[in-house]
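K.L.:
Residue strings, one per chain:
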Amino acid sequence: MAITKAEIERRLRALVGNRLYEAARLNDVDLLRAELGKGRSLNQQRPGNGFTPLHTAALNGSVEFLRVALQAKHADPWIQDSKGRLALDHAEVRRDREAMRLLFDAMYPNGRVRFAE
Amino acid sequence: MSKSSGTGRRDLASIFSPPPMKAKSADEQRAVLYYPEAFKRHYMDVLACFRDDLAERSGKPVGWQAIRDMVMQPEDERLTAELSGERDRIKVDSTRPRSPLVTLEDFKGWYHPRKSHVPSDIKFQYIERFVRSLRISGKIDEIERELDLAQGEYIRDALHLFYRPVPFAGTKVVIREDWLGTVKRLVSSACFRLKAESLGIGGGDDDGDAECFLILREYHGSHVTPLDIVVMQPSGDGERKQMPLYTGFLVSESILSMFPEEGVILIGKLILTKESGASPGDDGTRALSDGGTYSSWASFSPDAVKLDLGTGEDLGLMGPVFGVDVGGEQQNLSVGLKRIERDEEIDSIVSRLAYRYRTWP
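Protein sequences, first through last, are from chains A and B.
Counting from 1, one number per residue, gives the positions in the first sequence under the working numbering.
Counting from 1, one number per residue, gives the positions in the second sequence under the working numbering.
The hints are simulated quantities; they were obtained by calculation from the structure and are not laboratory data.
Bear in mind the structure is a predicted one, so any value in this text is a computation, not a measurement.
Virtual Cβ for every residue (Gly too), placed ideally from N, Cα, C.
One or more of the hints may lead you astray.
[Claimed, not checked] Stretch-level coverage of chain B by chain A, calculated; a stretch enters the list once three of its residues show a Cβ under 8 Å from a Cβ in chain A:
#, segment
1, 135 to 145
2, 345 to 359
[Claimed, not checked] Listed next, the in silico BS3-like pairs over lysine-lysine satisfying Cα-Cα at most 25 Å (straight line):
#, chain 1, residue 1, chain 2, residue 2
3, A, LYS83, B, LYS123
4, B, LYS184, B, LYS306
5, B, LYS269, B, LYS338
6, B, LYS184, B, LYS269
7, B, LYS241, A, LYS83
8, B, LYS40, B, LYS139
9, B, LYS115, B, LYS40
10, B, LYS40, A, LYS83
11, B, LYS306, B, LYS195
Can you make the complete structure from the sequences, with help from the hints?
P.N.:
Here is the structure:
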């Protein structure tokens, strides 16, 4: 579904000053906590590539960031970027097993799939 | 707007109270839960290869029941736990309870040679979970490496149909066999390195240690050589972080013999894609673009490769990859990368490059 120009502008405005991506890239847990304290969401997606901070962290192997971020109740590891990839897919390409384990456990809590029949 | 019947006044309670929560219907679930068919087929192939691998290692055939039990182990265990309260009626120890969500018959149908259907999205969730858990354990690394290399060869063959050096100009031979031998020696499995001082965007002191590698795979008669551009960045704890930046192919356009002392020059084109889809900053680099084709002169010599980065947009896109500060530059810029020998570090980089991003149509 196409998004409106106003929606793009709203998203861009929300991203200004959002340092969650920087925290994700640099594996900076203090910065993550500070940004979460300001009410930033880990599920916010970049307008272009659709990355959430979890995608950026998985791409960069920021394991400590993932460990703390995935404890936040609102964090959704099932969000896909604009190429249809999960944060776990980025960790898998790098075979970053620690990051893979963290994301896998968040995606399948107690081994349960999302939609059981 | 709802109104209270008879009075005509607005029912404010209905405005401010949250809408009643409703469980997602099957149709709504399907809208959220969607797996492309190619994705499913790839995972089913991986599972079949895993079964063959398991049979080869154990020296005895592995049936689909064994695979089904591995896939559905969490559900079976939960069922066992639920039924354990009914021991007086069901003999749990002797009859292994199996979840009916995915059955042996399902597996037989999916892998039947005369049937072509794939698992439904709901049932496929269990396959996906199992394959991803195998990936974490490293049990399918070799399988996926082989599948990815096969995919690379498939793309190489496809590109060969479009890009091939022309051996004749009219009746005159312009490519000689001995030149091809020289090109193969210069290109095949070659590795080049560049200190990329301006790649870091963090502004930290460690930025100067970033290195850019251009790694080529084997060159063969198709004149299409897979290549990767990788950045090794300092991660702050003394380690270096591997960032696969671009992946693609070097395609030979023409091969020239210049003066005898200069040897052979390969004029090639780089077809590069930024497979991760990361935008500048997400992967700690300034490199732009998520794909594109770049015409580039590549001049290979025994100790280096010189790449012409072009001008304008091409330069703007490729400059940052190789640490060239473009800064409004309009003239033609080139960059030289030093040839290095393959060592353990390069082998380690190459082995980690085996796992590719895949795009599902």
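K.L.:
Confirm or reject each hint.
P.N.:
Outcome of the hint check:
1. 135 to 145: holds (count 4)
2. 345 to 359: holds (count 5)
3. A/LYS83 - B/LYS123: holds, 24 Å
4. B/LYS184 - B/LYS306: The given pair, whose Cα atoms are some 17 Å apart, holds under the 25 Å limit.
5. B/LYS269 - B/LYS338: holds, 19 Å
6. B/LYS184 - B/LYS269: holds, 16 Å
7. B/LYS241 - A/LYS83: Satisfied, since the Cα-Cα distance of roughly 24 Å is no more than 25 Å.
8. B/LYS40 - B/LYS139: holds, 19 Å
9. B/LYS115 - B/LYS40: holds, 15 Å
10. B/LYS40 - A/LYS83: Holds. B/LYS40 to A/LYS83 sits at ~17 Å (cutoff 25 Å).
11. B/LYS306 - B/LYS195: holds, 14 Å
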